[in-house]
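According to my numbering, the stretch in the sequence shown is residues 1 to 587, in order.
Keep in mind that the hints were calculated from the coordinates and are not lab data.
Predicted, not measured: the structure shown is a model, and the values here were computed from it.
Here a beta-carbon is modelled for each residue, glycine too, at the ideal position from N, C-alpha and C.
Be a bit skeptical, because a hint or two may be false.
To be verified - Restraint-style ranges between C-beta atoms, simulated for each label pair:
1. Q177 / G97: 22 to 28 Å
2. Q579 / S473: 25 to 31 Å
3. D93 / K142: 19 to 25 Å
4. P115 / V139: 24 to 30 Å
5. D563 / K260: 35 to 41 Å
6. E449 / E528: 41 to 47 Å
7. K127 / N509: 49 to 55 Å
8. Q177 / A441: 50 to 56 Å
9. Q557 / G237: 54 to 60 Å
10. R250 / R406: 33 to 39 Å
Unchecked claim - Straight-line distance between alpha carbons at most 27 Å, and here's what the computed DSSO-like set of lysine-lysine pairs gives:
11. K396 / K191
12. K260 / K130
13. K155 / K130
14. K447 / K416
15. K162 / K127
16. K585 / K575
17. K416 / K495
18. K510 / K495
19. K127 / K191
20. K344 / K381
21. K556 / K396
22. K396 / K326
23. K381 / K447
24. K447 / K548
25. K362 / K453
26. K518 / K585
27. K453 / K559
28. K445 / K518
29. K326 / K262
30. K500 / K381
31. K191 / K143
32. K518 / K505
33. K430 / K162
34. K453 / K381
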Amino acid sequence: MANGILVHNTTLLDRIRRTNVAGKEAGGITQHIGATEVPIETVKGLAGPLIQLWKGEIKLPGLLFIDTPGHEAFTSLRARGGSLADLAVLIVDINEGFQPQTIESIEILRKNRTPFIVAANKIDRIKGWKVEEDEPFLVNIKKQDQRAQQELETKLWELIGKFYEMGFQANRFDRVQNFTRELAIVPISAKYGIGVPELLVLIAGLSQKYLEEKLKIEVEGPARGTILEIREEVGLGTTLDVIIYDGTLRRDDTIVVGGKDKAIVTKIRALLKPKPLDEIRDPRFRFDQVEEVAAAAGIKIAAPGLEEALAGSPVIAARSEEDVEKARQEILSQIQSVVISTGKVGVIVKADTLGSLEALSKELQEKGIPIRKADVGNISKTDVMEALSVREEEEKYGVVLGFNVRVNEDAEEVAKAKGVPIFVGSIIYKLIEDYEEWIRAEEEKRKRELFSKVTFPGVIRLYPDERYIFRRSHPAIVGIEVVEGRIRPGVALIKQNGQKIGVIKSIKNKNDFVQEAKKGDAVAIAIEGAMVGRHIHPGETLYVDLSKNDVIILAKQLKNEMDETDIRALKMTAKVKAQQDPFWKAV
Numbered sequence: 001m002a003n004g005i006l007v008h009n010t011t012l013l014d015r016i017r018r019t020n021v022a023g024k025e026a027g028g029i030t031q032h033i034g035a036t037e038v039p040i041e042t043v044k045g046l047a048g049p050l051i052q053l054w055k056g057e058i059k060l061p062g063l064l065f066i067d068t069p070g071h072e073a074f075t076s077l078r079a080r081g082g083s084l085a086d087l088a089v090l091i092v093d094i095n096e097g098f099q100p101q102t103i104e105s106i107e108i109l110r111k112n113r114t115p116f117i118v119a120a121n122k123i124d125r126i127k128g129w130k131v132e133e134d135e136p137f138l139v140n141i142k143k144q145d146q147r148a149q150q151e152l153e154t155k156l157w158e159l160i161g162k163f164y165e166m167g168f169q170a171n172r173f174d175r176v177q178n179f180t181r182e183l184a185i186v187p188i189s190a191k192y193g194i195g196v197p198e199l200l201v202l203i204a205g206l207s208q209k210y211l212e213e214k215l216k217i218e219v220e221g222p223a224r225g226t227i228l229e230i231r232e233e234v235g236l237g238t239t240l241d242v243i244i245y246d247g248t249l250r251r252d253d254t255i256v257v258g259g260k261d262k263a264i265v266t267k268i269r270a271l272l273k274p275k276p277l278d279e280i281r282d283p284r285f286r287f288d289q290v291e292e293v294a295a296a297a298g299i300k301i302a303a304p305g306l307e308e309a310l311a312g313s314p315v316i317a318a319r320s321e322e323d324v325e326k327a328r329q330e331i332l333s334q335i336q337s338v339v340i341s342t343g344k345v346g347v348i349v350k351a352d353t354l355g356s357l358e359a360l361s362k363e364l365q366e367k368g369i370p371i372r373k374a375d376v377g378n379i380s381k382t383d384v385m386e387a388l389s390v391r392e393e394e395e396k397y398g399v400v401l402g403f404n405v406r407v408n409e410d411a412e413e414v415a416k417a418k419g420v421p422i423f424v425g426s427i428i429y430k431l432i433e434d435y436e437e438w439i440r441a442e443e444e445k446r447k448r449e450l451f452s453k454v455t456f457p458g459v460i461r462l463y464p465d466e467r468y469i470f471r472r473s474h475p476a477i478v479g480i481e482v483v484e485g486r487i488r489p490g491v492a493l494i495k496q497n498g499q500k501i502g503v504i505k506s507i508k509n510k511n512d513f514v515q516e517a518k519k520g521d522a523v524a525i526a527i528e529g530a531m532v533g534r535h536i537h538p539g540e541t542l543y544v545d546l547s548k549n550d551v552i553i554l555a556k557q558l559k560n561e562m563d564e565t566d567i568r569a570l571k572m573t574a575k576v577k578a579q580q581d582p583f584w585k586a587v
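Whole structure, please, built from the sequences with the hints as guidance.
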């Protein structure tokens with residue numbers, strides 16, 4: 001039995017396995033959970049004499065590394081009630097420091113009380129760092145010049161300071177006095193293997209020292225696990241890649257797994273285990289058939305009736321009819337808590353697994369983005385039609401968001417014809433960023449359209465000096481000051497008694513024609529339809545003529561675009577207009 005170690009850095013695991021799974025992942029980021037069992041002999045082989053530093057024998061048979069897409073899958077798998085990982089390795093880029101995802105991961109680890117070790121990665125990028133592959137950090141650091149060593153110390157102290165702000169005592173691993181009270185930070189280079197020996201020794205030692213009792217309990221009783229992936233295997237049919245995080249699973253066990261709209265009850269036909277150091281998602285060798293497997297382990301299950309199983313759903317072994325019914329109810333309630341159908345205004349969400357669906361839904365809800373429907377599967381024509389009905393009520397929510405799924409051909413055709421945006425991606429935070437960017441662009445576009453249609457309030461005063469009357473009519477050209485608000489070419493002007501006197505044809509500031517003048521600006525304006533001395537007079541105050549529709553749009557849709565001077569101009573204009581129309585008294 002191995003214990004579960006949560007890691008969200010495939011490059012680090014590649015270094016331990018001597019494989020290249022990271023290169024195959026979207027954007028180099030692990031998007032699906034994988035599992036690799038690392039025998040203790042491999043740990044000892046990589047760590048060598050460092051094992052002696054632990055001052056005791058490592059008795060664990062091995063470590064099960066669970067490779068996750070950062071915080072998203074960890075959140076969803078923990079939320080399913082499974083103690084998926086006993087210990088986590090938090091990878092922090094020592095050069096970039098804390099990122100939003102780092103803080104979020106720490107909060108999740110704290111919330112779930114999961115002990116963790118910090119791997120301060122990419123020390124090889126420190127200027128002038130001398131690289132020796134697979135070398136222990138404590139050996140490698142002695143080969144660095146004083147400047148590189150000092151830079152590392154500075155970066156480490158910055159990390160320690162950040163952890164302190166979040167309520168953690170942290171220190172470089174070889175300076176930690178008490179591992180139960182202080183976070184151990186191991187400087188590493190996942191790319192070149194520097195510091196990996198110390199990291200492995202620390203993982204193995206801490207697992208053994210602090211989790212021994214927990215590990216004994218975990219193997220007793222029926223197994224519980226989580227489906228990583230559903231696959232078609234030649235000669236076996238539909239199979240499940242599963243992480244067993246609790247109990248023991250036997251070849252003749254009855255299992256209950258989550259399916260679309262139902263719980264599937266079936267009997268195991270074969271248990272297939274990847275060879276040590278092999279990745280369950282992409283094995284290099286054939287699987288071994290086993291009679292039983294104890295937590296924590298990655299296992300492939302072959303059984304009939306798994307065609308409709310849902311990736312990310314629970315797997316529960318049941319050894320009696322009563323256990324079957326309990327497991328069925330538990331699984332159904334978990335599926336129902338993730339699959340959403342509200343009928344309200346909100347986005348349509350599709351994902352490839354229950355875990356990623358839950359993660360994506362949670363991220364959207366935390367950002368205040370409502371969800372109408374969240375389900376597992378490819379994007380269908382029905383999804384697009386449902387988004388279209390939302391679009392008619394609230395344009396920005398009439399979209400489909402798909403994580404790691406395909407868009408069916410008929411769905412794509414309808415979306416293009418009806419103008420329904422579809423966002424698909426294989427990185428959760430990027431998918432949401434793309435959608436938020438689209439919302440911002442759409443709002444800017446809508447504002448620009450409203451700006452071009454709506455008239456903003458403005459109050460102007462003609463200069464009292466006759467010198468600023470440049471032309472008396474056809475059009476009248478006069479010097480003015482904008483008292484409140486703003487003016488633009490094309491707006492109509494009214495007098496203090498509400499009488500209409502003409503339209504601003506152009507605005508000139510010194511030598512240039514401009515499209516807008518604001519409070520405090522002194523400009524010359526050409527007024528079509530007005531004659532100085534007859535309709536308008538030097539020193540007179542004029543107002544931009546507003547319609548009721550202008551006021552409604554300004555109050556409801558462009559409220560945030562109006563500043564204090566616009567509001568004062570609106571109130572001054574409303575007083576003038578209220579002389580003839582009671583509507584304006586309420587403005």
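Holds or violated: are the alpha carbons of K127 and K191 at most 27 Å from each other? Holds, because 16 Å separates the two Cα atoms, which is no more than 27 Å.
CA of K162 to CA of K127, is that 27 Å or under? Distance ~23 Å between K162 and K127 Cα, so the pair holds.
Keeping to a limit of 27 Å between CA atoms, is the pair of K447 and K548 held or broken? Answer holds: K447 to K548 is near 19 Å, not above 27 Å.
Between K430 and K162, does the CA-CA distance stay at or below 27 Å? holds (25 Å)
With the threshold set at 27 Å, check whether the alpha-carbon distance from K396 to K326 stays at or below it. Violated. K396 to K326 sits at ~42 Å, over the 27 Å cutoff.
Satisfaction of hint between K130 and K155, Cα-Cα up to 27 Å: Holds: K155 and K130 sit about 17 Å apart, inside 27 Å.
Between K344 and K381, does the CA-CA distance stay at or below 27 Å? holds (19 Å)
At the C-beta level, are D93 and K142 separated by a distance inside 19 to 25 Å? Because 24 Å falls inside the window, the suggested range holds.
Satisfaction of hint between K143 and K191, Cα-Cα up to 27 Å: holds (18 Å)
Going straight from one Cα to the other, do K518 and K505 come out at no more than 27 Å? Holds. K518 to K505 sits at ~16 Å (cutoff 27 Å).
For Q177 and G97, compare the CB-CB distance with the range 22 to 28 Å and indicate the outcome. At 25 Å between Cβs, range holds.
For the pair supplied as a hint, K447 and K416, confirm whether the alpha-carbon distance does not exceed 27 Å. Judged against 27 Å, a Cα distance of about 24 Å means the pair holds.
In summary, the structure is inconsistent with hints 5, 6, 11, 12, 17, 22, 23, 25, 30 and 34 from the numbered list given earlier, while agreeing with the others.
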